[in-house]
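Visitor: We have chain X already, so just place chain D on it with the hints.
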Amino acid sequence: MKLALEHWRGEFVVGCALLATAGGFGALAIDMSVGDFAMPGPGLFPLLLAALLALVAVALLVRATRVRSAATGRVDLLPSNVLVALCSLAVATALFESSGFLIASMALLSILFRALAGLAWPRATLAGAVATGVAWMLFVQLLGVQLPRGFLTPV
Amino acid sequence: METLGYLIDGFGVAFHWSSLFYCFIGVLWGTMVGVLPGLGPLAGMSLLLPLTFTLDPSSAIIMLAGIFYGAMYGGSTTSILVRIPGESASVITCIDGYEMARRGRAGPALMISALGSWVGGTVSIVGLMLFAPPLAEAMLSIGPPAEFMLITLAILVLGFVSSGPAIKTLAMILLGLLLATVGLDPITAWPRFTFGALELTDGLSFVALAIGLFGVSEILLSLERMETLNAIKPKLRDLMPRWADIRDSAPAIGRGTVVGFVFGIIPGISHILSTFVSYAIEKRLSRTPEQFGKGAIAGVAGPETANNATTGSMMIPLLVMGIPSIPSTAILLSALLIHGIQPGPRMMTEHPDIFWGLIASMYLGNLMLLILNLPLVGTFVNLLRIPYGYLAPCVLLISMIGVYAVNASMLDLWLMAAFGLIGYFLRKFAFDVAPLLLALVLGSRLELSFRHSLAISNGDFSIFVHGPAAKLFLAVLILILVLQGIAWRLGYRKGAVQDVN
Chain X
1 MKLALEHWRG EFVVGCALLA TAGGFGALAI DMSVGDFAMP GPGLFPLLLA ALLALVAVAL
61 LVRATRVRSA ATGRVDLLPS NVLVALCSLA VATALFESSG FLIASMALLS ILFRALAGLA
121 WPRATLAGAV ATGVAWMLFV QLLGVQLPRG FLTPV
Chain D
1 METLGYLIDG FGVAFHWSSL FYCFIGVLWG TMVGVLPGLG PLAGMSLLLP LTFTLDPSSA
61 IIMLAGIFYG AMYGGSTTSI LVRIPGESAS VITCIDGYEM ARRGRAGPAL MISALGSWVG
121 GTVSIVGLML FAPPLAEAML SIGPPAEFML ITLAILVLGF VSSGPAIKTL AMILLGLLLA
181 TVGLDPITAW PRFTFGALEL TDGLSFVALA IGLFGVSEIL LSLERMETLN AIKPKLRDLM
241 PRWADIRDSA PAIGRGTVVG FVFGIIPGIS HILSTFVSYA IEKRLSRTPE QFGKGAIAGV
301 AGPETANNAT TGSMMIPLLV MGIPSIPSTA ILLSALLIHG IQPGPRMMTE HPDIFWGLIA
361 SMYLGNLMLL ILNLPLVGTF VNLLRIPYGY LAPCVLLISM IGVYAVNASM LDLWLMAAFG
421 LIGYFLRKFA FDVAPLLLAL VLGSRLELSF RHSLAISNGD FSIFVHGPAA KLFLAVLILI
481 LVLQGIAWRL GYRKGAVQDV N
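Protein chains in written order, with the working numbering: chain X, 1 to 155; chain D, 1 to 501.
Isolated chain D (complex conformation):
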């Protein structure tokens, strides 16, 4: 009952004209970056992050979250119409979605994908609403040792589920943690690795590194495969699915929602993983598995629902524990911190307007996306006709503006360019840069909890394995390993994701 009261208050925030406006801008921009290959939610959010500084915190977070889940919607459009995933979580949709489009059934594929996305997204917000408050209460009781274990767990899980070999992921995590130590020591204020540069006392700019590693490197990689895309353009009147389509999709949408929500809690590439698992489940349960790969609508409905169902559960670790599970939610964390809001168990009590306003706006945003995506699909397809030779320079310019606007720092611009080049090389040799970025965000909290714990225990390391919280986190680690095992058993192949990355 109390939750319902908070949600009603949240709708009060979400229905404010500025929240509605920025939510709309967010989902529209999110759909656009989701549609355009080479731009994903991370680049889309990074580019608009500096523009949110002048907004009130609620509007800023609502807009950025809108980009995040809007990109999941947009990603499916290119998968279905061009056979190029606009976003990595839409890879699997290429298989049956494009086959449907080739057979003149692009409309139903897009419609079912949008409907599934809406159901998955909306149900996962209900899950977020139900699970977040009790989890936040439990989180309030944990001390520095348990916090250290929790962050270590989150980072270790990244190693298990990342797309690359574990040793490469571990290297990226350690590099990220090491880079996080640049700046003033959080306890003694001793300048570390700053080389006398005042600009480095606050540490390396997260925005510069995020845009460099993901945005600039992605542009450089895309320049290597510049090609004109030929998209299938569906007519609005062809969008309506047949009764058989709805009958075949409904169970897949239900199962996709559960799979997406459960896998969304796992840090790393859970949004991609969930689509592979959902596809495998649908193929196994289908009476006509031979139709998969030839335009089976359940092969579109399940994965598309699953990737959108992860968006709600991915918010749980971020909002309740302050731990981002993928780089896109790390941008949200960064935005919250810039606005002076520390995500974590106290957020619900200290900033209920932002927490519940965000949840309420996600309901509205998902509805906007459903309305927006279907009639405007032709417009979004036209975006694919913009030659990359025009698009890439403009994105580079916006990246520069975005990075400079944060601190008015030339050092940040050079960092962006340097990390763009570093990201390009790392990705060329199959190093996943997402763990680096997540470790960079979590590094300072990890260090603080580590040092506080050791100071409390007078240097005794056994403090990290005592207590119920540590045991709980160990149990969670085992559960995640089991889920990962199930994912492998159902035919998920890391190589497929690696190809996409």
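Just chain X, with the same shape it has in the complex:
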């Protein structure tokens, strides 16, 4: 399955997202103390920026619909290897603190070595374990970076 979007449609989606972001920030800024120009409150600057962003987002939407008729081409999105990389990153992030760096790193590297480098599962797991060990030695033991230890945490 391959996801593709016409270029103008993509710009339209980004414009909508920016408009929503501006709306969200603007609404929250109004809830803060806005003050006035002589004594600006914490909400004034974000409110001004949100208003400007909303204007620019509308201009983007107009631009996107205007170029709709022009042949802007289609943009392929999230092919399978990109999707795998994103999902692995999400899995590793979820495991990072709860299970510790070693397991998170092993999961990330093994899946990606399998999916991107085409290694068979046993070799991918072995390569993942070796690379994790090297990273642990380099960053934790040598450079003193504090990473979650997971099952290695002393009880």
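Just so you know, not all the hints are guaranteed correct.
[Claimed, not checked] So, partial list: chain D residues that the calculated Cβ filter (under 10 Å) puts toward chain X:
no., residue
1, Val182
2, Leu198
3, Leu285
4, Ala417
5, Gly420
6, Leu446
Since the hints were made in silico from the structure, they are not lab data.
The beta carbon of each residue, even a glycine, is placed where N, CA and C say it ideally should be.
Guide: Relative to chain X, chain D alone:
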């Protein structure tokens, strides 16, 4: 004379064993990330930023700056040998550099490129040394209104010179400024957009956003075009250029140095812009313009010199005004702030050891690069043989470690992943994410100067256009527009840069 005294003190710092060691690590890593397509100076600096926390400030800044200018050297290697720019500023070198390599003249192309880079880099440091002190003195006299105008000017210029359409750049700038308001209000300490999360009170992590928007999104984009690269491997004995090569390159190197230094001051993509302008100038002035595109050595010497000559002048806005002109110098700003050093006009007097130590180390670093790049070119070419399927997972892992190491925050890791995805989508639809990052860095200073100015003037907006400083900044804006006009007239095409980005 006073400057010379400071420089000698700076060399005292730069010659310390730890400075030399970290300078070497920086330029070596910089060359490597410059060589590897998909990794640039920004990703290279972001990845090593957390590791600098345990270093003393001088060593940390020297190492990160080494990555920055080292990547400019490394970028040319892949342009010449594979026809893939390792770094966006080396795009134009692909044209004549690769043609030279194809005709068995890769050695002279690499040699002239390294020599030009060294000349450009070194001369631009002299410029930095001469211009920075008087500019810093002038900067000390400006108040909040002029500071607001200056930052606005810097941000507006980004819109003019960015690779994408102005409306898209403006959207990215405003989004960056809006994201910069997350965290405690700098004046009243009111929590804004934090949703009760303590981790957000200091604002969104710059490192997480930088690595997400540039590092992770770049990996995702590169995964779409995974291919094995076939590099031309030159022999060491073939490196020596002929007398005719040196004769044809020398004027191009001289002109490239001037072009690079002048364009380096402009925020945005000046390092890329300068290479296009230099190439166009060389082609116009050449007696054999028909040779351009077929392996003209001046087409390699000029642009390669220009992109390295920007590295010194790009440091001027950062060190003297505290304003980064490209995302890579924003990482340097971030590193300085983490180490408790505020870049700006007072840096030279409050931290002379760091300021002058950095300048002195840049001389040494450029020399190291010259020595390092030529004999090790074969080794660097071998890096290109690492399949991306092995490289990408390792870079993703290092990114995670780098982001987590800053604040030990899970939120930062999720932000990195989320902004990686956002950056991927934005870049797919030709939104340049560099202005977003620069606006994020400058946002809080912009807001502070804006609110202070209005409080001083009791809400009168005319305060922003009064005074000599405001008029000066307006004049600078006009000058930049003229330079931009010249760049367009000389044949620079935004589309070319956009393709690269």
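Visitor: Each hint needs a verdict: does it hold in this structure or not?
Guide: Hints, verified against the model:
1. Val182: holds, 9 Å
2. Leu198: For Leu198 of chain D, the interface hint is violated, since the closest Cβ of chain X sits about 16 Å away, which is over 10 Å.
3. Leu285: violated, 38 Å
4. Ala417: Holds. Min distance 5 Å.
5. Gly420: holds, 7 Å
6. Leu446: Status holds, d = 8 Å.
In this structure, the earlier hints numbered 2 and 3 are contradicted, and the remaining ones agree with it.
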